[in-house]
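In this text, residue positions in the sequence shown follow my numbering: the first is 323, and each later residue adds one.
Among these hints, one or two may not hold up.
Claimed, not checked - Now the in silico label distances, taken between C-beta atoms and shown as ranges:
| no. | residue 1 | residue 2 | range |
| --- | --- | --- | --- |
| 1 | Trp-355 | Ala-382 | 33 to 41 angstroms |
| 2 | Arg-356 | Lys-324 | 33 to 41 angstroms |
| 3 | Glu-395 | Trp-345 | 40 to 48 angstroms |
| 4 | Lys-393 | Thr-347 | 41 to 49 angstroms |
| 5 | Ile-334 | Arg-356 | 25 to 33 angstroms |
Since the hints were made in silico from the structure, they are not lab data.
Just so it is clear, CB atoms sit at the ideal spot from N, CA and C, and this is done for glycine as well.
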Amino acid sequence: MKQNIGIINAIIRITLGFTMLAWATAKITQRPWRESYLWIILLAAMKIAEGIVRFCPMTALFERYQEQDEKKEESIPMNPINPS
Numbered sequence: 323m324k325q326n327i328g329i330i331n332a333i334i335r336i337t338l339g340f341t342m343l344a345w346a347t348a349k350i351t352q353r354p355w356r357e358s359y360l361w362i363i364l365l366a367a368m369k370i371a372e373g374i375v376r377f378c379p380m381t382a383l384f385e386r387y388q389e390q391d392e393k394k395e396e397s398i399p400m401n402p403i404n405p406s
């Protein structure tokens with residue numbers, strides 16, 4: 323697994339992840355029957371993990387798409403035929 327985010331991006335992800343985690347944990351103690359806070363806790367934990375390992379799966383998918391798009395553009399002829 324190759325790192326695909328920078329150190330500043332990782333620090334921001336960790337900081338925002340811990341902020342979201344603290345907020346959602348405080349909210350779920352007040353209203354434990356709300357399942358939406360569990361989803362926020364899971365998303366926050368994912369952001370913290372992305373920051374620690376410095377790998378984002380969405381960024382990896384985007385980069386892979388960009389590479390495939392560039393290969394597709396290379397296979398298209400530069401001078402298309404004008405139908406008129």
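Here is how each hint holds up against the structure:
Taken as a hint, the range 33 to 41 angstroms holds for the pair Trp-355 and Ala-382, whose Cβ atoms sit roughly 37 angstroms apart. The supplied range of 33 to 41 angstroms is met by Arg-356 and Lys-324, whose beta-carbon atoms lie about 38 angstroms from each other. Look at Glu-395 against Trp-345: about 44 angstroms separates their beta carbons, and that is inside 40 to 48 angstroms. Between Lys-393 and Thr-347 the Cβ separation comes to about 45 angstroms, which falls inside the hinted range of 41 to 49 angstroms.
One distance hint, 25 to 33 angstroms for the beta-carbon pair Ile-334 and Arg-356, holds here, with the actual separation near 27 angstroms.
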